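A.B. asks: The task is simple: from the sequences and hints, build the whole structure.
Taken in order, these protein sequences are the chains called U and Z.
Each residue of the first sequence is one higher than the one before, counting from 1 in my numbering.
Each residue of the second sequence is one higher than the one before, counting from 1001 in my numbering.
A few of these clues could be false.
Claimed, not checked - Result set (DMTMM-like, lysine to aspartate or glutamate): computed pairs, CA atoms no more than 25 Å apart in a straight line:
| id | chain 1 | residue 1 | chain 2 | residue 2 |
| --- | --- | --- | --- | --- |
| 1 | U | K5 | Z | D1024 |
| 2 | Z | K1221 | Z | E1154 |
| 3 | U | K207 | Z | E1154 |
| 4 | U | K69 | U | D202 |
| 5 | U | K19 | Z | D1024 |
| 6 | U | K5 | Z | D1026 |
| 7 | U | K5 | Z | D1012 |
| 8 | U | K19 | Z | D1028 |
| 9 | Z | K1042 | Z | D1061 |
| 10 | Z | K1042 | U | D60 |
No lab work stands behind these hints, which were simulated from the structure alone.
Quick caveat, the model's predicted, so the values are computed rather than measured.
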Amino acid sequence: MALSKVNFNSINATPTASKFVTFNSDADGLAAGDVGGALTLISTQTASSSSSLSFTSEIDSTYKEYVFKIINVHPSAGTSATFQVGFRDGSTAFDASKTSTNFEAYHSESDDTAFQYLGDDDQANATGYQILALQSGSSADDSLSGYLHLFEPASTTFVKHFMFRGNGVHVAVQKDQYCAGYCNTTSAIDGVDFKFSSGNIDSGVIKMYGVS
Amino acid sequence: MALTKYNFNSFDVTPVASRGLAFDADADGFTTATPGAMTLIKTNTLSSAATSISFVNGTSDVVLDGTYNTYLFKFINIHPENDDVFFEFNGSDDTSSHSYDITKTTTLFAAEHNEGDSVAQLAYSAGDDLAQATGYQRLFNGVGNDNDGSCVGELFLFSPANTTFVKHFIARIPGHRHSSAAHDSYVAGYFNTTAAITALDFKMSGGDIDAGTIKMYGLAK
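C.D. replies: In structure tokens:
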């Protein structure tokens, strides 16, 4: 018996790469959409001797939470380079005022350990970039990976909370770093910029997701 | 009018169990694709002040059973009516008329830094943990009710339907403390019961939750 196979362009929906065939919002038609995934990949940026990696579009009221996954960022500079983030609140600068906390657990390859608050790495209503992690570029295999959550950036009622956790290597010391705080503004945050305190981001990937 | 129904094998693709029908990467054909592993189950956004926000299995589209092994709750700008109150939660093992009184043992530590730069600390909060107690577990100590003040974060609940083990949870809740400080709260513990957890309830220690959103997700097994 001959079989009649339905082809991609036989479906009454606009084909969109890598999307599913779904019922539309009224369940009275078909559409291309996401199925069962509450985490939507919005943007991927890959560093190549980049001074910074910036996300300056699609941060709006579409999602109440945005997540940035930081994967193996590696600095060009030496051991003094720290990995930092800035938030943009209406101008072109990433200088939203922040109050934040920062602490770490570390364990060196020579078996030294500590669990401590980092008083030099927090901010009290300051506009500079927020240090997320002390980071070393002294070895070719050193890097930092982690995540940053940004909550309801488009709110014009509340301050804008963020939280970070990352694991990195700093001069043969494994560091588990925790940073959290808020941009002390009721203006919308519409851009996020990541960089090292000196030199470039030699390599690494940062992905931005929206959480439905 | 005769209807033509397309069956699973009517499409020009090799069917694969538990996968979805997707357009391929060039959008010029079909392929099978794995649906997302994180499923939004329920969004609870307050339209007016409420004494609490509950997620009850089988009620208002909430699924809190063995469908998933891990449940994730997201807190978006939870804002209290009263100043300097605890944001807290509890569980229920009832199947109806839920009371929130499960025995828990927990830990809580937090980092804090105020806007005046006079407080910068990391400390265990012995007053905020529980030792085999049935009261609500604090998630954030001292939420402020300034107009722009709130707390956010997430809570994971593991295997609530398991009837062999206790039920673990871990949470991280950063926020704006009443004393104009950034406060980053870490909570973990377990419901010390082998009964299934069937509901969770979130509230303030005093007054209402004036505004906020709590979202509930299931993570695929």
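A.B. asks: The structure should be examined with respect to each hint, and the outcome stated for every one.
C.D. replies: Taking the hints in turn, this is what the structure says about them:
| no. | hint | verdict |
| --- | --- | --- |
| 1 | U:K5 <-> Z:D1024 | holds, 16 Å |
| 2 | Z:K1221 <-> Z:E1154 | holds, 19 Å |
| 3 | U:K207 <-> Z:E1154 | holds, 20 Å |
| 4 | U:K69 <-> U:D202 | holds, 17 Å |
| 5 | U:K19 <-> Z:D1024 | holds, 8 Å |
| 6 | U:K5 <-> Z:D1026 | holds, 19 Å |
| 7 | U:K5 <-> Z:D1012 | holds, 5 Å |
| 8 | U:K19 <-> Z:D1028 | holds, 12 Å |
| 9 | Z:K1042 <-> Z:D1061 | holds, 7 Å |
| 10 | Z:K1042 <-> U:D60 | holds, 22 Å |
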